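Visitor: From just these sequences and the hints, can you work out the full model?
Protein chains: 2
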Amino acid sequence: MSKTPIKQLNASATDFERQLDALLAWESVSDHAVADTVAKILAEVKSQGDEALLRYTNQFDRLGASSMAELVIPKARLQEALSRISEEQRQALEVAAERVRRYHEHQKQESWSFTEADGTVLGQQVTAMERVGLYVPGGKASYPSSVLMNAMPAKVAGVDEVVMVVPTPDGEVNEMVFAAAAIADVDTVITVGGAQAVAALAYGTETVPKVDKIVGPGNIFVATAKRAVFGTVAIDMIAGPSEILVVCDGKTNPDWIAMDLFSQAEHDEQAQSILVCPDADFLAQVQDSVDRLLPTLAREAIARQSLTERGAFILVKDLAQAIEVSNRIAPEHLELSVEDPEALLPQVRHAGAIFMGRHTAEAIGDYCAGPNHVLPTSGTARFSSPLGVYDFQKRSSIINCSPQGASELGKVASVLARGESLEAHARSAEYRIKD
Amino acid sequence: MSKTPIKQLNASATDFERQLDALLAWESVSDHAVADTVAKILAEVKSQGDEALLRYTNQFDRLGASSMAELVIPKARLQEALSRISEEQRQALEVAAERVRRYHEHQKQESWSFTEADGTVLGQQVTAMERVGLYVPGGKASYPSSVLMNAMPAKVAGVDEVVMVVPTPDGEVNEMVFAAAAIADVDTVITVGGAQAVAALAYGTETVPKVDKIVGPGNIFVATAKRAVFGTVAIDMIAGPSEILVVCDGKTNPDWIAMDLFSQAEHDEQAQSILVCPDADFLAQVQDSVDRLLPTLAREAIARQSLTERGAFILVKDLAQAIEVSNRIAPEHLELSVEDPEALLPQVRHAGAIFMGRHTAEAIGDYCAGPNHVLPTSGTARFSSPLGVYDFQKRSSIINCSPQGASELGKVASVLARGESLEAHARSAEYRIKD
Numbered sequence: 013m014s015k016t017p018i019k020q021l022n023a024s025a026t027d028f029e030r031q032l033d034a035l036l037a038w039e040s041v042s043d044h045a046v047a048d049t050v051a052k053i054l055a056e057v058k059s060q061g062d063e064a065l066l067r068y069t070n071q072f073d074r075l076g077a078s079s080m081a082e083l084v085i086p087k088a089r090l091q092e093a094l095s096r097i098s099e100e101q102r103q104a105l106e107v108a109a110e111r112v113r114r115y116h117e118h119q120k121q122e123s124w125s126f127t128e129a130d131g132t133v134l135g136q137q138v139t140a141m142e143r144v145g146l147y148v149p150g151g152k153a154s155y156p157s158s159v160l161m162n163a164m165p166a167k168v169a170g171v172d173e174v175v176m177v178v179p180t181p182d183g184e185v186n187e188m189v190f191a192a193a194a195i196a197d198v199d200t201v202i203t204v205g206g207a208q209a210v211a212a213l214a215y216g217t218e219t220v221p222k223v224d225k226i227v228g229p230g231n232i233f234v235a236t237a238k239r240a241v242f243g244t245v246a247i248d249m250i251a252g253p254s255e256i257l258v259v260c261d262g263k264t265n266p267d268w269i270a271m272d273l274f275s276q277a278e279h280d281e282q283a284q285s286i287l288v289c290p291d292a293d294f295l296a297q298v299q300d301s302v303d304r305l306l307p308t309l310a311r312e313a314i315a316r317q318s319l320t321e322r323g324a325f326i327l328v329k330d331l332a333q334a335i336e337v338s339n340r341i342a343p344e345h346l347e348l349s350v351e352d353p354e355a356l357l358p359q360v361r362h363a364g365a366i367f368m369g370r371h372t373a374e375a376i377g378d379y380c381a382g383p384n385h386v387l388p389t390s391g392t393a394r395f396s397s398p399l400g401v402y403d404f405q406k407r408s409s410i411i412n413c414s415p416q417g418a419s420e421l422g423k424v425a426s427v428l429a430r431g432e433s434l435e436a437h438a439r440s441a442e443y444r445i446k447d
Numbered sequence: 013m014s015k016t017p018i019k020q021l022n023a024s025a026t027d028f029e030r031q032l033d034a035l036l037a038w039e040s041v042s043d044h045a046v047a048d049t050v051a052k053i054l055a056e057v058k059s060q061g062d063e064a065l066l067r068y069t070n071q072f073d074r075l076g077a078s079s080m081a082e083l084v085i086p087k088a089r090l091q092e093a094l095s096r097i098s099e100e101q102r103q104a105l106e107v108a109a110e111r112v113r114r115y116h117e118h119q120k121q122e123s124w125s126f127t128e129a130d131g132t133v134l135g136q137q138v139t140a141m142e143r144v145g146l147y148v149p150g151g152k153a154s155y156p157s158s159v160l161m162n163a164m165p166a167k168v169a170g171v172d173e174v175v176m177v178v179p180t181p182d183g184e185v186n187e188m189v190f191a192a193a194a195i196a197d198v199d200t201v202i203t204v205g206g207a208q209a210v211a212a213l214a215y216g217t218e219t220v221p222k223v224d225k226i227v228g229p230g231n232i233f234v235a236t237a238k239r240a241v242f243g244t245v246a247i248d249m250i251a252g253p254s255e256i257l258v259v260c261d262g263k264t265n266p267d268w269i270a271m272d273l274f275s276q277a278e279h280d281e282q283a284q285s286i287l288v289c290p291d292a293d294f295l296a297q298v299q300d301s302v303d304r305l306l307p308t309l310a311r312e313a314i315a316r317q318s319l320t321e322r323g324a325f326i327l328v329k330d331l332a333q334a335i336e337v338s339n340r341i342a343p344e345h346l347e348l349s350v351e352d353p354e355a356l357l358p359q360v361r362h363a364g365a366i367f368m369g370r371h372t373a374e375a376i377g378d379y380c381a382g383p384n385h386v387l388p389t390s391g392t393a394r395f396s397s398p399l400g401v402y403d404f405q406k407r408s409s410i411i412n413c414s415p416q417g418a419s420e421l422g423k424v425a426s427v428l429a430r431g432e433s434l435e436a437h438a439r440s441a442e443y444r445i446k447d
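Heads up: the protein sequence lines correspond to chains A and B, in order. Heads up, the final residue of the first sequence is numbered 447 in this note's numbering, and it's a clean run with no missing numbers. Heads up, the final residue of the second sequence is numbered 447 in this note's numbering, and it's a clean run with no missing numbers.
These are calculated hints, taken from the structure and not from any lab test. Take the hints with a grain of salt, since some may be wrong.
In this list, chains with the same sequence are indistinguishable; a pair is considered to hold if it fits within one copy or across any two.
[To be verified] Derived SDA-like pairs: lysine to any residue, alpha-carbon spacing no greater than 25 Å straight-line:
#	residue 1	residue 2
1	K222	E29
2	K120	L356
3	K19	Q333
4	K222	A77
5	K446	F294
6	K222	W38
7	K58	M249
8	K446	Q101
9	K222	M249
10	K58	F242
No experiment lies behind these values; they were computed from the predicted model shown.
Guide: Encoded structure:
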């Protein structure tokens, strides 16, 4: 049994901070050639519409479509996918979708207002976006679970139309993805991808309707295009590689912990799996489990590279220090594999999702627990949240001044506006002052 | 009395859509020279810290500071500003701050959870960001009201530290801005600005702490720098020119309406003021008011250019069509100067803030009604919201599976994970299945 070399850190070491920085260092690729290619594609789709979209799609996905109409998938075809997948798969998708829907309904924001003594009403009116674009990668990275996780919150929010784009390189269709689109009640599916699909969603073409927001993962061309159209439309965060941080008290089955680490590491070579534990003996046991189980994985090579290049075992003096380390990292996935996870929860300041207790495998959250699997990566949990219904709603402030309220507030506004040399602001408010 | 030429549109005209597109067309300046300058400044502040920040500050703001310490404003100096402004101004700031605080407390999001039949607990834990940067422009565009509007929601959210940067070109200090910072309880004030200040907040220097989010308005260098650091930190939207759309039933004093239009137009030449009304005679009356009142404005030249180049009067057949036009534009400020604004409200789909009734001047909302004056511009109200407490909070998903829940969900996760060829995900879930 060959040993898998995983970095060993000690949180009490004097240079721990420096070692941690080195461990976490990750730079997104920022390539001028990619940026230039994307800029050209965006400009052409913006000015030429369907013509450019069809040309790029035929070129990059090696298709021979003669019109965009061929790339619009009829609803009947999505329904058909439901009978092409196995009954077991269909049921699993339906259970997952129902749980995701039910959980996300708790996130729906409602309009609110209050009335002041003088009759002035203040509040916010919450409304859904009209149209949202959902990018789904094609080929091997095409995940039906992502269709559910991105589409369901928009549907729960009340978005009028969810437009899904998914490339079909060489014409290859993923029936599970189509089936998930049917179950999530996606309104429109168009088999285009890459920067050209992002451009079409952002600017609109004859066939692809212009949307208000684009969500969903994609390769570097898709990410670059999303960043470029940010402002014209809203976008979700640009995701980095997936990560998990497991805090364990040393009393979970070490095989379980090893497999939980693998479930991130198998995503891709850049994925990051970190185990934090106050028990050095347990770390050694997990190392044994890793060494024994890793060769049994279908995706062994990817997981091995991820673990040896980006993985780490961090020894801490107690669970309180473990949470300090976790807050410093702000992990996408935080697993609290301990006896009393509720006791640690109030100390957790930054994490995308928190998996509590020995039974809550992160993989359950990826698919069917209910919460979203689109989570902030690379420490961005410091300032961002799981994808949710709130991402597809927006607010309008409501201000309804009574005559009395307008008179009193007008006096205050007048002083402040004149202090900022904005005279028309002041006079507009002063018109509403009585006497 | 010279006539101010304002575009006249008719919403029932066959080419109205095209005319409206032309009216709204506005492109943010995208200048390669600016982008290159900003990239250089960001890189130098990132690698050299205070040294580069001090050098650029001395250069761009024409200062002679010998260390960054000189540019950190002691809290006592902020308190001193409260006694340097007039008593009337101080009271107006305090009234405004208190109203803004009270309104924003309604926006605070709370953690939530629910328990399923098998004991599984699902929810979200809501926490505040740790540290936020607030950019305040220097010189003439330095608005104390912006300090309140940006800092108060962060404070209400429970952010640990609000770091404000404000340049002092030629050493010029705005006492009202310092006073507003004192009232809003801003934690740290540093007199730096431009792209170098954005870089310092995003990356941290010896003196400037690294923040999680940067908010606040700025010039093209600041906006370009914010866009560049988006992802490293969160940012608010990049604002375009300010706009107002007034829907009037023709029964408000036309002088009031003219002044409301001026209150946007006086901001800058790019600001946009639009009046929508079903009464052609009333539009003519407002035109008369504009012609008569415009010459009496301190900022006449700016307002005149704004109104003639970007303003418009749009004749509609009824108020329902007025709201259709408004939704098409998705204005930053929507004034419903009508008899029964509540009747129109449910039809309003996209607007930053809605000012209801004849007495609610937009200027009151700018300063002291309570709602935020940082609002989505240029049609981005289709997908974004007023700045709020929610912009300084973030969420962590909570998943706590009971052994029974983990067993049932593990079966579903296993099927879906294997369908995506993610075997370690499946096996991690399967460990938790009780047979």
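Visitor: Against each hint, give a clear statement of whether it holds in the structure.
Guide: Now for the hints, and whether the structure bears them out:
no.	hint	in the structure
1	K222 x E29	between (46 Å within a copy, 16 Å between copies)
2	K120 x L356	between (28 Å within a copy, 23 Å between copies)
3	K19 x Q333	within (19 Å within a copy, 66 Å between copies)
4	K222 x A77	within (22 Å within a copy, 51 Å between copies)
5	K446 x F294	between (76 Å within a copy, 24 Å between copies)
6	K222 x W38	between (34 Å within a copy, 18 Å between copies)
7	K58 x M249	both (23 Å within a copy, 22 Å between copies)
8	K446 x Q101	between (69 Å within a copy, 21 Å between copies)
9	K222 x M249	both (20 Å within a copy, 20 Å between copies)
10	K58 x F242	both (15 Å within a copy, 24 Å between copies)
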